[in-house]
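Based on the provided sequences and hints, a complete structural model is requested.
Position in the sequence shown counted from 1, then plus 463, gives you the working numbering.
Hints are computed from structural coordinates only; laboratory data are not their basis.
Take every hint as true, because none was put in to throw you off.
Below, a list of computed lysine to aspartate or glutamate pairs in the DMTMM-like style, where the Cα atoms sit at most 20 Å apart: (1) K699 to E669; (2) K809 to E783; (3) K607 to D619; (4) K805 to D719; (5) K522 to D546; (6) K522 to E588; (7) K676 to D688.
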Amino acid sequence: GQHVIQLIEAVINRLPPPPGDDQAPLQALVFNSFYHPHHGVIAYIRLINGQINHRQSLKFFSNQTIFKPLNLGYFAPALKPVDSLTCGEVGFIATGLKDISLCRVGDTIVASDDIAVKALAGYHEPQPVVYMDFYPLENNDFIKLKTSLEKFRLTDSSIVYSPVSSSVLGSGFKIGFQGLLHAEIVQERLEREFDLELITTSPSVEYQVELKKKSQLISVFSPADFPDPSLINQTKEPFINLTIFNPLQYLGGIMDLCRDHRAKLISQEFYGQQAKLNYSMPLQELISGFFDQLKSVSSGFASLNWQFAGFVKSDIVKLEVLLNRQVIEPLSVLTIRSTASKLALKLAKKLKAALPRQQFEVPIQVALGGQVLARETLKAYRKDVTVKLHAADLSRKAKLLEKQKRGKKRMKQFGKVVLNQDTFLAVIR
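If you want it as structure tokens, here you go:
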């Protein structure tokens with residue numbers, strides 16, 4: 464690029480030096496890290512106070528893990544080892560640690576023998592807010608997916624995962640992410656770097672359920688984990704603080720969109736032809752296509768950011784899907800009571816469109832408790848059993864039609880609808 468030297472000189476001459484004290488106790492902020500196969504965890508740091516050299520014994524403040532640097536240095540732009548780093552400088556430390564989860568972004572590195580120094584303000588433990596189930600396309604690749612996740616976590620300790628099993632999709636893992644973009648990046652990297660073909664479910668959130676017995680609080684991540692309503696005292700769902708920046712000409716449409724997604728307006732500010740809207744909104748609404756709809760309503764001019772605000776009391780219920788009067792547990796969904804009827808109608812229509820026709824008529828029902836909120840009927844295949852009969856043979860035709868009717872009734876009574884993978888994915892996504 465042109466004028467880079469002049470730019471660097473201008474930064475040096477015009478900007479004040481970083482604040483800090485060379486003689487103060489060591490405080491280094493961790494702002495990134497990665498795993499190196501030979502040097503272990505490499506921490507990217509900025510020295511806020513003090514000095515550091517490769518002969519010192521150091522520790523991470525949050526978990527008190529002690530280590531001695533294998534080397535340290537600058538970015539030039541490759542890693543360039545040096546003997547020491549001083550206050551205000553940015554560099555790296557090769558810790559030699561084999562577990563990247565010990566090196567957390569936002570943590571403070573201090574001298575291991577210094578018990579009086581305090582951590583830098585602002586650090587908090589990263590918690591997953593969005594969950595998705597990952598299944599291998601081929602069931603034989605489950606072990607490969609497990610091994611890939613173990614290796615992937617060496618470079619990204621913010622993901623959490625646990626095994627799950629589905630009667631339709633087989634064995635897989637429920638993975639927790641920092642957000643939707645994080646989930647997309649992880650999926651892309653797993654498929655590209657580990658040669659995996661993955662099936663992913665739609666994103667979900669963590670619900671909190673307080674049971675009547677001893678006011679026990681449990682976390683629910685899927686409909687299968689949702690307790691019997693008679694055991695529940697109250698339910699909570701995660702909320703976020705949402706900020707939207709948009710041109711004034713799209714204000715009405717954006718406010719209508721937010722209202723449809725259960726968002727509550729906290730405040731609004733205006734800067735010329737731009738508006739800033741602050742909302743409180745359920746996280747589930749954000750991950751259910753809100754961003755795409757916002758871009759559509761604003762012709763791509765609106766932007767947003769959000770922060771997790773905590774759990775708020777909500778009336779969470781479980782919708783069950785019945786095919787031919789049999790409950791299909793993998794298709795159950797969690798929602799709030801006020802939108803249950805609308806979601807039930809939508810779900811029944813999607814199932815009717817996605818399910819392959821059977822030899823018998825299939826009633827599709829979506830129920831809340833014992834109450835059916837929506838119903839569709841999937842018509843049966845009908846074979847013309849009278850095609851070979853003479854047109855005048857009415858009695859024979861009537862007997863064959865009655866026999867077919869009795870057979871269809873018997874099939875409907877004992878028949879079972881098999882839910883294949885394609886149908887399941889078409890409904891849950």
